Every structure is written in C-alpha cells, then in structure tokens.
Amino acid sequence: MLSYILRRLLLLIPVFLTVSIIIFGIIHLVPGDPIDNLNRIGSSPEQRAIIAARYGLDKPIYQQYFIWLSQLAQGDLGNAIVMRRPVADLLAQNIPFSLRLGGAALLFSTLLGIAAGTLAAIHKDTRIDRSVMAGILLGSTLPSFWLGLLLILLFSVELGWLPVSGARSWQAIILPVLTIGLGGTALVARVTRIAMLETMQKDFVMLLHAKGLPARRIQLRHVLRHAMMPVVTILGLRIGWILGGAVTVEFVFARPGLGTLLIKALNQHDYPVMQGCLLMLAMAVMLGTLIGDIVQAAMDPRVRHALT
Amino acid sequence: MALLDVRDLSINIHGIRPLDGISFALDKGEILGIVGESGSGKSLTALSVMGLLPLIGGRIERGSVSFDGRDLTHLPENDFRKLRGKRIAFITQNPMTSLDPVMRVGAQIDQMATLHLGLAPKAAQARSIEIMEKLRIPEAATIYHHYPHQLSGGMKQRIVIAMALAADPDLIIADEPTTALDVTIQAQIVDLLAELVRERGVALILITHDMGVVAQICDRVVVLYAGRIAESNRVDAVFAEPRHPYTSALIRCIPREETAPGSLVGIPGAVPSVAHYPNGCRFHPRCERRGEPCGAIVPALAQPESGGELACHFPGGAA
Amino acid sequence: MTSISMTSTPSRWQSFRRSTAGKVLLTPKGGIAGAYLLILVLVALLAPWITPYPFDAQELSIAAQAPSMAHWLGTDEFGRDVLSRIMYGARTSLSVSITAISVSVFIGMALGAAAGYFGGMFDRGVTSAVDLSWSFPEILIALILVAIIGPGLTSTMLAIGVAYLAQFTRLTRSQILSLKNETYIEATLNLGAGHFHVIFRHLMPNALAPVIICGMLATGDAIILEATLGFFGLGAQPPVPSWGAMMSAGSALIFKAPWVIIFPGLAVAVTVVMINLFGDALIRALDIRAKLREG
Chain W
1 MLSYILRRLL
11 LLIPVFLTVS
21 IIIFGIIHLV
31 PGDPIDNLNR
41 IGSSPEQRAI
51 IAARYGLDKP
61 IYQQYFIWLS
71 QLAQGDLGNA
81 IVMRRPVADL
91 LAQNIPFSLR
101 LGGAALLFST
111 LLGIAAGTLA
121 AIHKDTRIDR
131 SVMAGILLGS
141 TLPSFWLGLL
151 LILLFSVELG
161 WLPVSGARSW
171 QAIILPVLTI
181 GLGGTALVAR
191 VTRIAMLETM
201 QKDFVMLLHA
211 KGLPARRIQL
221 RHVLRHAMMP
231 VVTILGLRIG
241 WILGGAVTVE
251 FVFARPGLGT
261 LLIKALNQHD
271 YPVMQGCLLM
281 LAMAVMLGTL
291 IGDIVQAAMD
301 PRVRHALT
Chain Z
1 MALLDVRDLS
11 INIHGIRPLD
21 GISFALDKGE
31 ILGIVGESGS
41 GKSLTALSVM
51 GLLPLIGGRI
61 ERGSVSFDGR
71 DLTHLPENDF
81 RKLRGKRIAF
91 ITQNPMTSLD
101 PVMRVGAQID
111 QMATLHLGLA
121 PKAAQARSIE
131 IMEKLRIPEA
141 ATIYHHYPHQ
151 LSGGMKQRIV
161 IAMALAADPD
171 LIIADEPTTA
181 LDVTIQAQIV
191 DLLAELVRER
201 GVALILITHD
211 MGVVAQICDR
221 VVVLYAGRIA
231 ESNRVDAVFA
241 EPRHPYTSAL
251 IRCIPREETA
261 PGSLVGIPGA
271 VPSVAHYPNG
281 CRFHPRCERR
291 GEPCGAIVPA
301 LAQPESGGEL
311 ACHFPGGAA
Chain B
1 MTSISMTSTP
11 SRWQSFRRST
21 AGKVLLTPKG
31 GIAGAYLLIL
41 VLVALLAPWI
51 TPYPFDAQEL
61 SIAAQAPSMA
71 HWLGTDEFGR
81 DVLSRIMYGA
91 RTSLSVSITA
101 ISVSVFIGMA
111 LGAAAGYFGG
121 MFDRGVTSAV
131 DLSWSFPEIL
141 IALILVAIIG
151 PGLTSTMLAI
161 GVAYLAQFTR
171 LTRSQILSLK
181 NETYIEATLN
191 LGAGHFHVIF
201 RHLMPNALAP
211 VIICGMLATG
221 DAIILEATLG
231 FFGLGAQPPV
241 PSWGAMMSAG
251 SALIFKAPWV
261 IIFPGLAVAV
271 TVVMINLFGD
281 ALIRALDIRA
291 KLREG
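Protein chains in written order, with the numbering used here: chain W, 1 to 308; chain Z, 1 to 319; chain B, 1 to 295.
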C-alpha cells in the first residue's frame, strides 16, 4: 500500500512541473515588463533593482524558473504588490477558511448525494426516481453564484435567519456549504444511481436474492458498498470542482479564502498573489485525485491485494 | 406427493413468452436433469421456481409451481424469501462472478445460517467451516477468511455449494454448475453433487447442456427446446431409445475427448430467439426428420406408453 | 427506410415525424426546449429593434424600481430597464459562448482526429496535454487564462475555448480510434485513397454527431462560465450588458433591488436547463448515448 502511494506521488511530479511552468509563465506572458508586473507602478530604480535581483530577471528564463522553484520549495512565494505582504502569509491566512468550506461542502454533498442516488436507484422508474433526477438536473445546471445570491435573499434578507456574509460565526458557513454542495450533491447522486443500477445487474446480486436475503439489505449492504467505489473515484477527481465552486461562492458570500483572494488579485493585477493562489488550487486538485485513488484502493480487496 | 410439482408453467417477460407449458415433478433424493442449448429456457425455469422472475421483469402467466404441497405462484414475496436459501437453494452458473467480491467468502456462507437458522455469528462460523470441510475444502479455516478473488474457480464453486447447503435445504437447483470450470474440476463438482444427494436425501435439479453429465448422475431428464418441452423421461429410457430428434442430436454431441468441452458441434443452426420462433414445431427448421405438418402444426405434448412426455410429429424409437 | 418511403410516398408530416428533427421536436422535452431556444436566438438577434428601452438609457430618477407596467422586470441602480438589458445580455452570452465553443469544437476535432488517426508521438503529446487539462476544473483554467490576458470579452472567449478543448479532442480521438480499424477503412486506403480523403470522407462524418452534441451541451456550461467571469468583473466590461455583469452590479443592491439579480440569473438557469433538455432529446433521437460515454 505504501509503495502504491509513493508510486502515485512520483507520477504527480511531471504534472506538478508542467503546472508550475504554466503558473510561473504568467509573469512573462502578460503584456509589459516583468519588473513592472512584479512591482508597484512608479517604483524607484532601487526597488526595481531589488526585484530584478530577487527573481534573477537578468538571467536566462530557465534559470529564472529554477530560482522561482527553489524559492517556492522554501515557502517563499514573493511579496504581494498591492496587499504589500509576503504571499505565503496571505495564503496561510486564507487557506484554513477554504479548507473548512471545501471540507464541509464535500461532506455535505457526499452524504446527501449518496442518499439521493440510493433512493433513486432503489425506486428506479418511479416518481421518486424522477424527482431525484429532476433535482440532479437542476443542481448541475444552476449557476452556483446565483444560487448563493438567492439563498442570501431567502434566508438572510427575507427570513433573517442566517448572516449575509463573512465568516465570523459558525452559522455563516451554512449558506456557502449549501450553495457549493448542491452541484456536488447532484454529481454524487448521479454516479451513485448509475453505479447501483449497474451493480444490481450482476450475478452475485442475483445469488444474494437466491440466498433469501431481504431486498433492502441486499441493496443497502451489498449493492451500495459496491457502488461506492466509482463514487469515491469520481469524488477524488471532482474535489477540484468542489474547490472551484468554493472560489465562486466565497466571493459571493464575501468570505475570506483562496477564491476571494484570487479574484481580488485578478482584479488588482497582483501577479505574485495570483500565482500563489493558482498553485495552491492546482495542488489541491492533484491531491484530491490522489486521495480518491488511495481510498478506492483501500476499499476494494482486489486492488488492495494486487498492491501488496 | 412430489416435493416439487411444476404444471403447465408459462411465463411472460416484457410481453414475450420464453417458457410455454413446462411440466415436471421431482421427489426427495431424486436428481432431475433439465437439458437444452442456451436459449432453451433452462435458466428461466430455475428463476421461476425460485420466485426470482420479478428481478428480470418477468412473471408467471399460467400454470402452477407447488413445493411441499404449497402453491408458490401466489406466495407473497416476504414468505417466498424465507423459503429461498432455506428450503430451496440455488447454485449459479458462473462461480467467478457469483460471490460478492468485497466480502470474505466465509462471511458469505455465514449469512445463510444467521439468516435462516438464527445462529449467532460464532456458531454460524463454526458451522460454515464444518460444511467447508465436508466439501473437502483444504484448510477450510484459512480459506474462510479469503476474498473470492484469491480462490480458484473450482474452489469458488465449492464455496457457492457450501452456501447452498448451509441452511439444510430440501431442494437444490444447480444452474450449469460446471460450465465455467476446467474439465477435471467439472467431474469433481458433479461427483460432489451426486454424493450430497445420496447422503442427505435432498432433491437436485441439474441444469446443463451436456447429456453426458445427465447420463452420469440424473434419474430423470427434461429436454427443453425454445421454451417448450421436447421430451421428458427416465434417463435410462432416454438413452436406450431417444424419441425426439432433438434428444438424439443432443446425445450425439456429448463432448468426447477430442471435442472442445461444452460445444454442440452436432446440431447445425442455433436456437431461435424468442422474437423469431417459427410456426409449428419450433425445432423443425433444424430437424432431420421434418415432414408435412411440422412447419404448421404445433405437436401436442403427449404421454406415450414408453413413459414421460413427448412432443413430436415423427417420434423415433419405440413410440 | 428508403424503400418504404419510395413505395408508399408518405405525406410530408410522416416523413418529418421519422426524421431526426421530428423525433426531437415532437417529444414534450425537445419541443419545449427547441421553442425556447429558437425564441432566445431571435431575441438575441433582434434585440436592438425589439427591446422596450435602449440598454444604456439611464434615468436616475427611476433608479432601482420594482417591476411595474412600464418596466416589467424593474430597473437597476442607474434606472436602466432590466428586461431590455437581459435581452441585450442574451446577445453577449450567446455570441460569446457559441463562438468560443464552435472554434473549440473545430480545433478539438482537428487535434483529436489527427491524434487518433496518425498515433505515435503526436498522439502521446496531445493525449497527455488533454489528460492534464482534463483533471483541472474549467473555472480554474479560465482564471489562469484571464490572469495572463487580462479581463474582457476576448479573454472570456479564449478561456471558454481552451477550457473545453480537452473534452472535444478526447471525444473525437476515441471516435476515430473506434472506426480506424474497420475493414472498409483499410479497403479504402488499399484502393489508393489519401489520408485526407479517409479522414474527411469516412471517419469525420461518423464522429460528427457525438462531438457536435457534446459541443452543444458544453455551450450550456459555457454560458455559466461566461456569467461567472462576468460576475467576478473579469468578463464583459461596462457598459456592455451581460447576464453575469448585471448580477455582479446587482449584488450590491441585494437588499434594495433583488430583481436586478433574480432575473438575469433566471435567464442563465432556464437557458442552461433548456439546452440540456434539448441535448438529451437529441441524444435519444440519434441513439448515441453509448458513443458519448466512450469519450
């Protein structure tokens, strides 16, 4: 198992390098002088010289990349131009909020999605199935920021139950989680439903019926357990999407977090901050996929044994 | 009174009728073979008796299935479920795909005793291992903790058989229990089944396409073709003088050393699909003895003096 | 089918019913969705002539007014008519999404066909690039691109096009691969046909339907992506009306004038749902669900 995890980590290295090259390249691809892009406009020649030295801007571009990469390895992502603080500090300050929101949304959409998908699969082709499917269609097509705004309108403005924005109280996380969670729930429910329906066609399920096990027990203990494997894989692949949802939704709810920070940086042309946020998000996507694979391997005895 | 009595059974799946007027009976300690090529309706017969047709969207349209004097066709699902596994056990065609891949095999056997006999988990485990040992599974206590993918095909089939035996059933239905296995293992499994019937006095329905296996262990045989009975009789009588041309053909293509196991090289053509059943006798397009009435008139299922039942316009042998 | 229609000379109605268009439009889902999309496209095309007010007619005296007979969907913070702006917004949303997706489908098909047909190093390169971008959410790819090019409609289009490129390339490649080894393709090559001929006359026509439907469904997602970027202030810049930008401005007025947010969002939501329903009806009519799954 450990060697499997290590092997998967090694496979991520080329992906990480490619992504880091693209993110590093932002500074050089945007129009204008990199020094201007890394500094405040109208800065003094001394400041410009400091920047040039720090990023090795007089050296060939591949050397600049390695300088950037080694600074990155030491946790140094440069200084924010507009916010005027080390990018690492800004990230450290914002990441916990995003993790909390993303984690809660993931938990919410996993539980609700599995429940809804199971319900639909067990009652295939009935009114229950059709209502769940309609919910899935809506959940996967409504723009999440709009949904967030509607929820604010309903629960905060009209009913006054929950705070409109911010992250000061625990109640403040409820609406953002609902907003991101709906898309995730739709996805998990759809995969659960299809996986369960496919599993129900298998020979071993027929034999379980022949053994005289109650239908509900077969569906909930055996079929669902089986159907969980594709669900875990998809969830792993989609952790990035849920984080992507967090980007949007944080902004709508004016919550601190990576997403809000990134949008702010994009609007202010604060390139070092942009790079830091994008790098963190990309790494979260890669780790999500990895975790999904590992959990799936741990769940399936066939994979587990093949690995040891 | 017979343990299982199936009379004039017809079933309906999505508006088509893949089984039409099937009858047979069997007693405790008897082995009944149901023979035919794939598409004859053998497995559907098994599902009908097990009450599992609804799983594939089917239902019994006509006829009766009585077990131990009880009509099963109108039994509520919850009562039927308590019969399944406990009194009527099932052995599936493909042991490779018949076990839950993410559950230890021992636990899958235990389910039977905890569910049907109300045993505590510990007692169920002891019982499962005991049954596994009786089935000559080596190191049963170790195998008990294995997952299906760690076992060979023959071993998996023994697990499925152990599962079938776990609740002491009166009737076992084995649907092609050896098709997916190696030739040498096939013989072992067939012997094992025959031994169980002798020792425990259970009734066994053996579904197969291999007349050789029928000759080896069955007492009586029902030959199905395209959802109807071609003929049925005592096995010795059928082999002495097959009356239906389809039976003769099946006997002719008993796999010998030189042919690939399970292949039916002897009969040209294939069983027609349910949507394309021919008029008259359904076997007539492939029949060597076909004559005037075969393409137009369905031969009636008669009970000739030579025993059993027979549906043919030009019966061979003594009939 | 052809022999039937030749001998019995069916009425126009019958032949319409049997055609793909008939199969789509005569189902309740496909019919309603088709009608909605047709009207939407007409509104987008004719917006300058049919809107009740010009999209930029400001009148501060009637700012942030609730829906009324004069302004059916209310007015925004500058007193502009929300309905008129939504109608113009359809123009922006549809033209941006459709242009971006069309170009992306075109490039994706070319890349996918070449990769699938020729194989080798080129195929490996394309496949790993596709796999890489496949594993990142579209919004992240779009934000990286906006980071490089800067905000605006051009970068929105580019971001959408690149974000969905992987999907089309992958699908085309798998379609081409599944057809490439058919005997008739080999026979055609043996008869002396060039690669170009084989790709365009024999392989592409078969791959076309699934890829186009995939593109259509992606247009729905693209509308959301466009609106999201607009909402972040990274898409359409004022005063160009876009559904996302309208909501962005409206979010400041959420207490005072919620209709400024509700209606543009509703336009996005309904449009996307309708595109999905129409696509679904089309998939059913052409019976290509299995093909779409391969990708």
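Derived from the structure by calculation, the hints contain no laboratory data.
Check each hint, because a few of them may be wrong.
No more than 30 Å apart at the CA atoms, straight line, and that leaves these computed lysine-lysine pairs for DSSO-like [claimed, not checked]: (1) Z:Lys122 with Z:Lys86; (2) Z:Lys82 with W:Lys124; (3) W:Lys124 with Z:Lys134; (4) Z:Lys134 with Z:Lys86; (5) Z:Lys86 with Z:Lys28; (6) W:Lys124 with B:Lys29; (7) Z:Lys82 with W:Lys202; (8) Z:Lys28 with Z:Lys134; (9) Z:Lys134 with W:Lys59; (10) Z:Lys134 with Z:Lys122; (11) B:Lys256 with W:Lys124; (12) W:Lys124 with W:Lys59; (13) Z:Lys28 with Z:Lys82; (14) Z:Lys134 with Z:Lys82; (15) Z:Lys82 with Z:Lys122; (16) W:Lys264 with B:Lys29.
Fair warning: this is a prediction, and the values are worked out from it, not measured in the lab.
The hints, checked one at a time:
1. Distance hint between Lys122 of chain Z and Lys86 of chain Z is fulfilled; the C-alpha atoms sit about 19 Å from each other, no more than 30 Å.
2. For the suggested pair Lys82 of chain Z and Lys124 of chain W, the alpha carbons sit about 25 Å apart, so the restraint of at most 30 Å is met.
3. With a C-alpha separation of about 42 Å, the suggested pairing of Lys124 of chain W with Lys134 of chain Z is violated against the 30 Å cut-off.
4. At roughly 19 Å between alpha-carbon atoms, Lys134 of chain Z and Lys86 of chain Z fall within 30 Å of each other, so this suggested pair holds.
5. For the given pair, Lys86 of chain Z sits about 15 Å from Lys28 of chain Z by alpha-carbon distance, which is consistent with the 30 Å threshold.
6. Among the hinted pairs, Lys124 of chain W with Lys29 of chain B is consistent with the structure: their alpha-carbon atoms are about 20 Å apart, no more than 30 Å.
7. Restraint check for Lys82 of chain Z and Lys202 of chain W: the C-alpha separation of about 22 Å stays at or below 30 Å, so the hint holds.
8. Restraint check for Lys28 of chain Z and Lys134 of chain Z: satisfied, since their Cα atoms lie roughly 21 Å apart, inside the 30 Å limit.
9. Between Lys134 of chain Z and Lys59 of chain W the CA atoms are separated by roughly 79 Å; this puts the pair beyond 30 Å, and the hint is violated.
10. Only pairs whose Cα atoms come within 30 Å are accepted, and Lys134 of chain Z paired with Lys122 of chain Z is accepted, the gap being roughly 19 Å.
11. Between Lys256 of chain B and Lys124 of chain W, the direct Cα distance comes to roughly 45 Å. Violation of the 30 Å bound is thereby established for this hinted pair.
12. For the hint pairing Lys124 of chain W with Lys59 of chain W, the CA-to-CA distance comes to about 64 Å; that exceeds 30 Å, so the pair is violated.
13. At roughly 20 Å between alpha-carbon atoms, Lys28 of chain Z and Lys82 of chain Z fall within 30 Å of each other, so this suggested pair holds.
14. Taken as a hint, the Lys134 of chain Z and Lys82 of chain Z pair is honoured in the structure, with Cα atoms around 25 Å apart against an allowance of 30 Å.
15. For the proposed pair Lys82 of chain Z and Lys122 of chain Z, the alpha carbon gap of about 22 Å is at most 30 Å, so the pair holds.
16. Using a Cα cut-off of 30 Å, the hinted pair Lys264 of chain W and Lys29 of chain B is violated, with the two alpha carbons roughly 41 Å apart.
The structure does not agree with the numbered hints 3, 9, 11, 12, 16 stated previously, though it agrees with the rest.
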